[in-house]
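A.B. asks: Spelled out, the chains give:
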Amino acid sequence: MTTMTIAKAINEGLRATLNNNPRALLMGEDIGPLGGVYRVTDGLIGEFGADRVVDTPLAESGIIGTAIGLSLRGYLPICEIQFDGFVFPGFNQITTQLAKMHSRSNGNLTVPVVIRIPYGGGIGSIEHHSESPEALFAHTAGLRIITPSNPHDAYWMIQQAVDCQDPVIVFEPKRRYWLKGEVDTEAPGTSADPFKAHVLREGTDATVVVYGPLVPVALAAANAAAEDGRSVEVIDLRSISPIDFDTVTASVQKTGRLIVAHEAPTFGGIGGEIAARISERAFHSLEAPVIRVGGFHMPYPVAKVEEDYLPDIDRILEALDRALSY
Amino acid sequence: MGATHLPSTEFDSTDIEDQLEAEAEARLGDPAVPMVQLLAPDGTLGSDPVFSEYAERLDPAKLRSFYADMAKIRRFDVEATALQRQGQLALWVPLTGQEAAQIGSGRASQPQDYIFPTYREHGVALTRNVDLAELLRQFRGVSNGGWNPKDTNFHLYTLVLAAQTPHAVGYAMGIQRDQKFAASAALADGTAGQATEPNAAVMVYFGDGASSEGDVHESMVFASSYKAPVVFFCQNNHWAISVPSSVQTRIPLANRAKGYGFPGIRVDGNDVIAVHAVTEWALERARQGEGPVLIEAFTYRVGAHTTADDPTKYRESAEEGRWRAKDPLERLEKYLRAEGLADDAFFEQVRADGDELAAYVRKTTHDLETPDIRTAFANTYVEAHPLVAEELAWFEEYSAGFVDEAEPADTEAAN
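These protein sequence lines map, in sequence, to chains A and B. My numbering numbers the first residue of the first sequence as 1 and each following residue consecutively. My numbering numbers the first residue of the second sequence as 1 and each following residue consecutively.
Everything labelled a hint here was simulated from the structure, so no lab data went into it. Honestly, I wouldn't trust all of these hints.
To be verified - Pairs of lysine to aspartate or glutamate, DMTMM-like flavour, derived with a Cα cap of 25 angstroms:
(1) A:Lys100 x B:Asp372
(2) B:Lys180 x A:Asp55
(3) A:Lys254 x A:Asp244
(4) A:Lys100 x B:Glu383
(5) B:Lys258 x A:Asp55
(6) B:Lys150 x A:Asp166
(7) B:Lys227 x A:Glu47
(8) B:Lys258 x B:Glu290
(9) A:Lys100 x B:Asp151
(10) A:Lys196 x B:Glu290
(11) B:Lys180 x A:Asp163
(12) B:Lys180 x A:Asp244
(13) B:Lys150 x A:Asp163
(14) A:Lys100 x B:Glu391
(15) A:Lys254 x A:Asp308
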């Protein structure tokens, strides 16, 4: 067991991947000598060289598009998109090409491209640097989407994404890059399946489903609720596509109440999908409507007011009150 | 130099000349800029300081086979258009007029090269030995692909314009890495210093319309930066559906390469000998590690954009007539006859082969089986996916509910 930050854990995971797969390579803007704007690739160009840690031209469509070509030639490209809001110049390549290549080739071609995207707010940044666009990608069949919330998962999930034969987008919770935790680099343990949700805290009164940056917020909310005598179960979804509905369903069958929280706007979001599925799967277990906590239907607001936009402990507790008093 | 010019040291008056040329081109449909041409429309063979050498490599049998390929694909085009009109295909994308651009470039490629087409490269498909009946699957609506690119190194058609161009550059970057792996292996086993392996390049097709897409720009930047072994083959057929090429560019497209830092060449796209020569040169150069080339094949889409298009709405038939006078097949036929390289029996045989191909395609198209939607469930992901499994299970149960209704009524009577 080693203690490290999420950023360092991803760095170590990438190092392990580059060591284990001669055909794996990193591509992105400023990922070479600078080590990426978040230093996630720090030091890797020195160890693996410029052919395997590739500083690309500043062009996201070009990055994803050339990664597709490299994967068709048998390589394992791991692309870094600098910020969530800058993925959109590459959106066409991801949704019309990457997601569909296996299907449209009748299964003859595989494109195991990995795309890393730092996402989410709470860092006081300027426009386009704080967004949570995961639902746009989850809506696209052919992609898999995972998001780690702690260093151990971060270390293993990036490697599991590379091992997966499908294209995988790894959304990295940028405001948690410096969150420290224990990492077992010997074995993934309970994190062996990146597409499985984890029950982080057991409870009996209500279930709170979160992922990525909101996991520590939900755990803090559960602690606060416990002081009021409420037993809250917290689930870290980990995978946004596919979603592990079995784990969520089992939890709701026990607690009878469900709150889903994410930074992304609630309208058309992952919370709505979970609410719909759980109402189908566990209708008779529900004691209250599924309540969503998320961003508002507006462009991500300016940094000085983002605290009013982002779900926090109080907003999760308010939702809990509503669920329990229904 | 006009007073409005930017104070750049890079600019000279050629940009103004280029613009005038583009305007002349738009008016006349004539190439007003230097263009590699070996075989003139009247069937006479000219010379070129660089490319005549490549033309001289072509023996009579090869020249005849170029003609045969062009004739075959034109016959195929007629047949596919007829199949669409008869409701056998949902859509057809005709290539007539562009046979030389496609056969000449495709025949210059080698089996180890990898080709990324757009969606009109039926002629290139022929040169890569793609089964032409397989190619019709996509247009019949029974597949989004139809052939396995691994069999022929001819990628699937890409319909999102220019999206295949960065794929080509990435694939070429992969070849570069393969070459480095091979070089280290050679160093390890003491065979270093021999030929570059794999001795392969990539060629990507796009049109004058797609040249405006950002992906072409990004691809050319990547290709130039990494000196990738890729040939950009632009068929300037003058019309992006209804919009003339003068709206896509105010300078000859080949000149754009200069801005990216690699050679750009305009070739007479209706001259199969020149197209073959220029492409062979560019591919050889790319395989040897000398980087990308942009080839602009100056040609014309004589027919409609697709069978859903109506060119009479946007262009004069006189323009089509001017281009028909530059027909790629006719000029090669004139040359072959004048030089005594082919006789009536040859051309008769080509016609018979074309009819045979048409009959094969017609029969095979009628017989193409409609796929089961279960294959779409199976091919969405490589690895097991719970949502797909759940939806498939539902579909199976739902479908099973119709089994009784699907039984013909007379089966019951017979019981």
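A.B. asks: To test your reading of the hints: which numbers does this structure violate?
C.D. replies: 10, 12, 15
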